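2 protein chains.
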Amino acid sequence: MFRTISRWLIGKPLENERMESERIPKWKALPIFSSDALSSVGYGPEQIALILFSIPALYAYFGAVVVAIIILLGIVALSYSQVIKANPGGGGSYAIAMKYLGVYPALVAGASLFSDYILTVAVSISSGTAAIISAFPILAPYHLYLDIFVLVFVLMIFNLRGVQEASTMFVWPTYIFLGAVFLTIFSGLYQVFILNATPGVVAVSDSPPMGMFTVLLLLRAFANGCSSMTGVEAIADGVPLFKAPQERNAMITTGIMAAILACMLGGISYLIIYFHLLPVEGVTLMSELVQHVFGRNIIFYFIQVMTMIILYLAANTAYNGLPPLLSFMARDGYVPRYFGNRGERLSFSNGIVLLTIGAAILILGFNGNVEHLISLYAVGVFLSFTIAQTAMVIHWHKTREHNWKIYALINGTGAVVTTFVVIIVLITKFIYGAWIICLLIPVLVYLFIKVHKHYNDVRDQLVLTSEGYKETMVPALGRHIVVIPVASPTQAVARAMRYAKMIRPYKIYAVHVCTDVARGEKVKKLWEDLEPSVQLVMIPSPYRQLTDPLIRFLYRLRRRVGPQDAITVLIPEFEPKKLWHRLLHNQSGSILRLRILNYLDVVVSTVPLKFKR
Amino acid sequence: MFRTISRWLIGKPLENERMESERIPKWKALPIFSSDALSSVGYGPEQIALILFSIPALYAYFGAVVVAIIILLGIVALSYSQVIKANPGGGGSYAIAMKYLGVYPALVAGASLFSDYILTVAVSISSGTAAIISAFPILAPYHLYLDIFVLVFVLMIFNLRGVQEASTMFVWPTYIFLGAVFLTIFSGLYQVFILNATPGVVAVSDSPPMGMFTVLLLLRAFANGCSSMTGVEAIADGVPLFKAPQERNAMITTGIMAAILACMLGGISYLIIYFHLLPVEGVTLMSELVQHVFGRNIIFYFIQVMTMIILYLAANTAYNGLPPLLSFMARDGYVPRYFGNRGERLSFSNGIVLLTIGAAILILGFNGNVEHLISLYAVGVFLSFTIAQTAMVIHWHKTREHNWKIYALINGTGAVVTTFVVIIVLITKFIYGAWIICLLIPVLVYLFIKVHKHYNDVRDQLVLTSEGYKETMVPALGRHIVVIPVASPTQAVARAMRYAKMIRPYKIYAVHVCTDVARGEKVKKLWEDLEPSVQLVMIPSPYRQLTDPLIRFLYRLRRRVGPQDAITVLIPEFEPKKLWHRLLHNQSGSILRLRILNYLDVVVSTVPLKFKR
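Chains A and B, in that order, are what the protein sequence lines are.
Residue 592 in numbering that gives the first Met the number 0 sits at position 593 of the first sequence, with consecutive numbering throughout.
Residue 591 in numbering that gives the first Met the number 0 sits at position 592 of the second sequence, with consecutive numbering throughout.
Hints listed in this document are in silico derivations from the structure and should not be mistaken for laboratory results.
Being a predicted model, the structure only gives us computed values, none of them experimental.
A few of these clues could be false.
Same chains, same names: a pair is fine if it fits in one copy or spans any two.
[Said to hold, decoys possible] Listed below are the simulated DSS-like cross-link pairs for lysine-lysine, each with C-alpha atoms no more than 25 Å apart in a straight line:
no.	residue 1	residue 2
1	K500	K449
2	K469	K609
3	K84	K506
4	K576	K452
Let's have the full structure, built from the sequences with the hints guiding it.
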């Protein structure tokens, strides 16, 4: 039944050969990987405005801050194009850092991206729901249900169904959103340049005071605006998902994304400055602009709805970024190996499920509150930017390709600027929640290292050479002792006895754990009638425990026999015909098996008796 | 770690011999089994008053209704004394009905009591919390946490610790509550008879109209008042917990409980009538009386607090009633057998846990709302009263003891009266929730029968006679084929191969499920170097599944070999040293084992490789 449901939700399994056709062309890759970055125009300029407009005199710097962010965006995008070229296997900052900076920076990058991707999902879904709720306040009491519904039944399911299906689902809303934003920008510019619309009234003010405080405010505005840049990394993490030629397509897509984002940021900011729009409580700056350009009509509502949808889709960027990243880390043994396995639909299903669970915990833990979640945000992304670009500088230094000094200069500048952004973000957000990330990243790095150590230990203990195999097989095969636990003599026990005789052991012990003396006597008598040739060992159990006394018996037996001798515990088990029948039997067989394997070096065999009704 | 916590919460295991000393004397049995019934004086008279005082003219019948209830209480208590005598093994209505009326009435009694005991816990805890909250409204938002805390960490844990400890915990509050109630009654009577307190002013009214409507109201008041009688059954269910002489002690305890309850009901009702107290919104009638007698001083608050505590303790009655009842039904095979097992502390731990889960579901499902829960209440108890007393009539008829006709008359009257109460309760409460019980009881009875049928099927399929054993062992032992799944050649596989050779099978198949062609080739090459004498069977798996292709292979193999041949699947497994290491490995071995046992008639053996780090 579980299978049927999952088939219906996830779809039929896909063959390995389908992998190539599951790869995505550029026009699909753009919305899939960039909805996070692109959607940020909805709140990016506002984040700058909220700081600058607190002091009217700082208004003049709005344009300068936007230009600085666009330049930074250009540097970061250029840098990531180079990451893609230098590292076509995907894995972004993590892979490139592993290659040029060593394990620890790579793990810091991995941990940073891990926390930021999960935050992306939680923030995007929560803010999408917040948008819907501000339109339909009647939904407010159900906001968490909405969050979880979108998370599980839209994002998780569609991503489990595979890349192609997820993209088809998500492509059009992104393009419609882009169309709507550009329509707004062009209409605004048309009004400004052709219709000569009157500019907004600028409040008279003194010349801006250039003190330390002003500089700090400008920096904070800049850092806030940088939140538009989360998600730029996603393409570099997902190169293997692109259609061939993968690197070229991924680089072009990065460029297109950066160009679109820059145009939107620039256009919207220009119009905001021209019309001199100010942040108003409860209304986004973006919706103020739309209203100013079109009036409060059908276009206004349409753009609002598209903004809500694009926010949900921004979460999808993380679904295309984190699972491939985890698969890289799994291949290197820093996270559990199964994150590297492709599921039946060729998606990295374990990573998708982990991301969903992580985001659900964050949403529930913060009660779907965007303001609190956003405080944790952006530290991770800029940390990974810094690491990636530092790694690229070393890359250029080592390869010394044509023009390597220019490239190194670009990446070096990027590294310095993003380091600067990390420091600004940490200072301005530390007490509001960024400290959680400062704790989380070292903890994650510690876990990655522990996992890696375990896998190394496992490899050392599992590795088998021809000589090792011979050494295992050479010592004389010892004696083989079979132990059969007998609760009472039943058909299941008879089948186990038959099997025991078949494998011709040196000796068979039947053992009865005696929780009730009278019943024990009865079992002993019955046994002696059935099988006088095999002695029934009675183990007293005054506390009515079943497994503990048996384990003590086996422990003593194991010590008595030689190391080359083998002990097999044959558990007579019946297999009920229907699933619910299992509820009617205590699971002492399974518990016994698990505890024996946990404590003792013996083989445990289950001899099933299959019930027919 | 789990063990340490549970030891600390539950205590050390107790030996079978401790059973006798775990048995309880009368003075402890009274509060343990009767807190439910005794606490009902807190709301019983009020339930009558709420109906009668709606028409002032009916006031005159208050006394009559109370007298009727006390008479009914006497009949029921007398009847249950006789149940105890006729059925000293315990099990109450269920056991006596099984003996004299047959399976179906017994199962109906069992289902009725099952639902009513769970309701008792949910209602008592919810109303205890409601009482605390009306004193400390600041706790209101946490009422469900309080409910669940009391349920799990007081009631469940103390009952799991065993009867003696639970009783010690619960004895004193009950006696203090009884003392407080009798103090109120004696003070009131002292004021009435010695101080000649002025009686309450009776509103002038016409003579009571004796129409159909009046009769219905009187019946409803009577039925409502009967809620005081839930819990009378508990002693008869728990006879085996009493100190010897068990029956005598249980009968005496029943008598004492009925006498105390009758005195309290009578005294309180007399004072209510004398002072002519009327129900007031938000204040219980009981607290009105206490306030009238003592004024609003320290005694008033003390009695209020004791009332809260006794309500929590009323839930404990169910903990002493349901688990023994379930153990009786388990012995007969109508509920899963493990409800008949005593845990390490000699308590019926599975029944205690089931009751806790059931009550938690009800509390959470009804959001801890007493008013809604109480509508489901009392149907079950009176249904079981009726069944028990009908059974007793047949008992007397069969045994024809001295004075049997008088006894039969008492029980017969009881049966008629309680049938009448069931009908009244059903009619007056049906639409408010009693319909749920009307649905639940048949469903439970159906489940009991299905369970019983399954156990009969199991017995038939497991039963082993000497001849049956010989038949199983006689056919020639066939060939033995071993199948070893090989993911890659590791030390674990080497150990499995060694073991396979030790049990000397007819043939060994090593099989590799090939999810990746390139990797498959590598494994094949490695294998041929290690063990050229055993062929590695390659099973292609284009959908990257591991278990399905292997199960299909085993299925075909099973069909190819003879019925007397055995197939063993040897699963090479490694046992990590630390628990958290298990999280780092996919559980494909365990899944494989479960699915093979579910689908196929083959032996599954786990050959462990124990990791040292």
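How the hints compare with the structure:
no., hint, result
1, K500 - K449, "neither (46 Å within a copy, 37 Å between copies)"
2, K469 - K609, "between (39 Å within a copy, 19 Å between copies)"
3, K84 - K506, "neither (67 Å within a copy, 54 Å between copies)"
4, K576 - K452, "between (44 Å within a copy, 13 Å between copies)"
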